[in-house]
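Colleague: All chains should be modelled from the sequences, with the hints used to inform the complete structure.
Line order of the protein sequences matches chains A and B. Counting from 1, one number per residue, gives the positions in the first sequence under the working numbering. Counting from 1, one number per residue, gives the positions in the second sequence under the working numbering.
Distance condition first, Cα-Cα at most 30 angstroms in a straight line; then the derived DSSO-like pairs of lysine-lysine:
| id | chain 1 | residue 1 | chain 2 | residue 2 |
| --- | --- | --- | --- | --- |
| 1 | A | 45 | B | 158 |
| 2 | A | 178 | B | 223 |
| 3 | B | 223 | A | 174 |
Chain A is faced by these chain B residues, among others (derived, beta-carbon under 7 angstroms):
| id | residue |
| --- | --- |
| 4 | 111 |
| 5 | 167 |
| 6 | 168 |
| 7 | 198 |
| 8 | 273 |
| 9 | 274 |
| 10 | 286 |
| 11 | 298 |
What the hints contain is simulated information worked out from the structure, not anything from laboratory work. Quantities reported herein were computed from a predicted structural model and do not represent experimental measurements. For each residue, glycine too, the CB sits at the ideal point set by N, CA and C.
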Amino acid sequence: MISVSRLHFSYDGKSEVLSDINIDIDQRSTAIIGQNGAGKTTFIKILKGLLKPGSGKVTILGEDTAKRSAAQWAGVIGMVFQNPNDQIFKKTVLEETLFGPLNIKMMPKAARENAMEALSAVGLADKTDSNPYDLNLSDKKLLCIASVLAMNTRVVIFDEPTIAQDWQGMERIKNIIKALKVQGKLVMTVVHDMDFVAECFERVIVFNEGKVLLDGSTDYVFTQTDILRRACVSPPHIVQLGALAGLRRVCLTEDEFVLAYREKRCEELGVS
Amino acid sequence: MMLDVRRINACGLNLEGCGVKKIIVEHLKYRYPQSTELALNDISFEAEEGEKIGFIGCNGSGKSTLCQALTGLVPHFYRGAYGGHVTVDGMEVMSSSISEIAVKVGIVFQNPFTQVTGAKETVYDEVAFGLENLGLPRGEIITRADAALKLLRIDRFKDQAPFSLSGGQMQRMAIAGMIAMRPRIIVLDEPTSQLDPQGSDEVYQALDDLSAQGLTVVLTEHKIEKVARYCDKILILQNGRSMAFDTPAQLFSAKNTEAWGVRPPVYTRVCRELLRPPAGVYPVTLAEAGEALANWEVIL
Ligand SMILES: Nc1ncnc2c1ncn2[C@@H]1O[C@H](COP(=O)(O)OP(=O)(O)OP(=O)(O)O)[C@@H](O)[C@H]1O
Ligand SMILES: Nc1ncnc2c1ncn2[C@@H]1O[C@H](COP(=O)(O)OP(=O)(O)OP(=O)(O)O)[C@@H](O)[C@H]1O
Ligand SMILES: [Mg+2]
Ligand SMILES: [Mg+2]
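Modeller: In structure tokens:
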């Protein structure tokens, strides 16, 4: 669905922030992880068309991104910014959420419906008249998510969606991602929270100093501890515990862990 | 008894066998201007020299507000209605100015972006900014700024423009600027929300080292596994009220913290499901859970 080949990028024309990236993004939900400054945000800004590749090619749904402007791609690819202050600019929560859909020429009625539905999904339906700047960081982040959901784009990219979220907020975001998958959308996220990656994403791409260091299914990637260490990543808590407990298979969720541990103890005790 | 200790501490003396109280919060109540509800409702707790305290709770429970109350931004900057007492390093917040308190208490804000002054052109100058304001000699400023940049591993970016940093690099810069000031009490509001996992562990390790040197550390964090691993005590907030103040092990073993919107660490959760604890206390860290899973009786 998205194809990136021989992509290079530099901000200052001297040091390369991305060098020779080759990735095919398929229908699997994908998490991009890696150390601070590895180039993750830069990479997705290029996909979104906010930055132009230095060299190389990006195609979305078979079409070269260079052939259309970022504005023309807006209806296809939505992106939630890492820092909400870079995204938010309207005076009320509702106006902010309506901006995207109206901007891509959605009919006002549909735009409104989408906006309200998105605000409900993130739990901000009762704050439509609030000024976005008065919101707490967690709500600002949720507002940014709603604004992108309301556009109903084919591709949805999140940059650090879980920043500042409590348990309930995390659950909301997990549900949103699961719902997007069910709707057949392409979901990508850049994130440092590995527990979240383990629970919600099928594929993991590890960036390191502007290059792809590792790419594979989530359970595979999280067993590659030595490579992960080079990218300043540690596996999810539950995976670390599984390794310590000597479980034979990788468990990405608590439920899987509980099952696998019981099995192991039963075997040891000779009970079935 | 408690008052006596405080009076003695205010004179800079230590009481044998009794830690020096660095933070004393007594019946603190606070309401933001134009708000109808109390953001902090009768909060009391104390922290000793070298202690690490974690504030946890749902979004909007009052963690950031309580952090600001330790720096004097609440009430001096935000105004609003204020009751009770907050004493930091022997200084009563209500009767001291923000700049007096800033010498003793450093803070890293929740969104590192809001910490950048915007007045400085390089990361180095940004980190040195606070030191210049302290009126330190040039050599001392250079030594401290360099050390802080190295500690947070952003020395490579010292000539870069602050706003061009990646999110995590910016958060590192905010922490570096605060640590360079060497306050006796440091307050960090979700300090590692944008750090890579190893960077986050490194910051917590650095906080451990600083507290071993006698600094008192207060932080907020949604990653409960981190708080349980690194903090001596945890204060749970809900709707501006203090629900519990205890060690991580006591808190997560004995209490049903879910009712306050806080899930125990995943290590505690799986052990609760799987094991019978010999002494009634559940593990809260990876190492403890590993031990327990290897040795305790399993519930089949
Ligand atoms: N506008 C800019 N000008 C110059 N350098 C920049 C600019 N934006 C980013 N950089 C640099 O490019 C590198 C990659 O930044 P990017 O934001 O893509 O990292 P990231 O992987 O998203 O990191 P984080 O996990 O901290 O968000 C960093 O070293 C950063 O300092
Ligand atoms: N500047 C402000 N003016 C008015 N009300 C505020 C202000 N800042 C926070 N509040 C309110 O005070 C309460 C406590 O907010 P606070 O930011 O301290 O919570 P928190 O626990 O830090 O939340 P989070 O986990 O989202 O950071 C909330 O109801 C919030 O809406
Ligand atoms: Mg980034
Ligand atoms: Mg807060």
